[in-house]
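Chemist: Sequence:
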Amino acid sequence: MYGIGIIKGLGVTLRNLIRTPFTIQYPEKKIPQHSRFRGQEFSWYEQRCTGCASCAKYCPLGIIRIVTDPNGGNDQDGGSYKVEVFDIDQARCMYCGLCVEACPYDALHMGTGFEAAKLTREELVLNIDTLKERAKHPSTWFRPQLERIEFDPYQEQSLDWSEAGREPFFWHPKRPAQIPDEYDHRATSSGTYESEDN
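In case it helps, the numbering used here puts the sequence shown at residues 5 to 202.
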């Protein structure tokens with residue numbers, strides 16, 4: 005019958021007219037993100053970084069550039085390299101997180117921020133000074149230890165470098181003087197680590 009389509013269309017319109025809107029007025033209001041959200045905000049802990057460049061090696065796009073000083077002019081505790089240049093080109097980053105997974109010392113974390121609009125591409129390159137100075141709000145993605153302590157990345161206070169990493173295993177270059185009791189029984193006399201699978 006003629007006009008059925010119009011009636012159906014108006015029915016959809018009227019149904020949505022009385023429905024509660026689910027949109028919000030951004031940026032005045034923001035939808036809360038999950039703690040595992042991976043945003044455009046890298047958190048880098050200089051105290052944990054040994055300059056091994058694993059993050060740069062595993063980046064599929066080659067957007068991380070690291071220059072280290074092997075001469076030991078200003079060595080970090082327990083390490084042999086001083087990181088002089090640490091650049092991340094966010095303009096080319098696809099936020100896959102492989103750099104975070106590759107870091108053996110939990111020095112690099114994905115962040116939770118996503119408002120990174122800039123006027124020029126050059127401003128999208130994060131340098132070592134920016135990474136040092138920015139507030140540290142790492143995502144709990146790929147970091148179960150942060151979920152264990154119920155860390156909220158959206159709080160105002162930055163997360164300290166000593167709390168950002170996994171348990172300090174005794175082979176870490178910046179390991180504590182005393183092996184934690186829960187790992188002491190898994191160390192052999194030669195100093196190697198025995199997996200629980202063995």
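Be aware that a few hints might be false.
Unchecked claim - The calculated DMTMM-like cross-link candidates involving lysine to aspartate or glutamate, where the alpha carbons are at most 25 Å apart (straight line), are: (1) K122 to D73; (2) K61 to E50; (3) K61 to E105; (4) K34 to E154; (5) K140 to E151; (6) K34 to D73; (7) K34 to E50; (8) K33 to E119; (9) K86 to E167; (10) K61 to E127; (11) K86 to E154; (12) K136 to D93; (13) K122 to E32; (14) K61 to E154; (15) K86 to E119; (16) K140 to D93; (17) K122 to E137; (18) K12 to E32; (19) K140 to E119.
What the hints contain is simulated information worked out from the structure, not anything from laboratory work.
Chemist: Taking the hints in turn, state whether each one holds.
Modeler: Do the hints match the structure? See the list:
For the proposed pair K122 and D73, the alpha carbon gap of about 31 Å is over 25 Å, so the pair is violated. The straight-line distance between the Cα atoms of K61 and E50 is roughly 18 Å, inside the 25 Å bound, and the hint therefore holds. Taken as a hint, the K61 and E105 pair is honoured in the structure, with Cα atoms around 12 Å apart against an allowance of 25 Å. The straight-line distance between the Cα atoms of K34 and E154 is roughly 22 Å, inside the 25 Å bound, and the hint therefore holds.
In summary, the hint linking K140 to E151 is supported, as the alpha carbons are separated by about 16 Å, within the 25 Å threshold. Distance restraint check for K34 and D73: the Cα-Cα separation of roughly 43 Å exceeds the 25 Å cut-off, and the hinted pair is therefore not satisfied. Using a Cα cut-off of 25 Å, the hinted pair K34 and E50 is violated, with the two alpha carbons roughly 31 Å apart. Taking the CA atoms of K33 and E119, the gap is near 14 Å; set against the 25 Å cutoff, the hint holds.
A distance of roughly 22 Å separates the Cα atoms of K86 and E167; the hinted pair therefore holds under the 25 Å criterion. Proposed proximity of K61 and E127 is supported: the alpha carbons are some 23 Å apart, at most 25 Å. Simply put, K86 and E154 have alpha-carbon atoms about 33 Å apart, too far for the 25 Å limit, and the pair is violated. A distance of roughly 16 Å separates the Cα atoms of K136 and D93; the hinted pair therefore holds under the 25 Å criterion.
For the given pair, K122 sits about 20 Å from E32 by alpha-carbon distance, which is consistent with the 25 Å threshold. Restraint check for K61 and E154: not satisfied, since their Cα atoms lie roughly 31 Å apart, outside the 25 Å limit. Of the supplied pair hints, the one linking K86 and E119 is violated, its CA atoms being roughly 31 Å apart against a limit of 25 Å. A C-alpha spacing of about 18 Å is found between K140 and D93, which places the hinted pair at or below 25 Å, so the restraint holds.
Straight-line distance between C-alpha atoms of K122 and E137 comes to about 18 Å, which keeps the hinted pair within the 25 Å bound. Between the alpha carbons of K12 and E32 the distance comes to roughly 36 Å, so the proposed pair goes past 25 Å and is violated. The straight-line distance between the Cα atoms of K140 and E119 is roughly 15 Å, inside the 25 Å bound, and the hint therefore holds.
Hint check: violations occur at hints 1, 6, 7, 11, 14, 15, 18; the rest are consistent with the structure.
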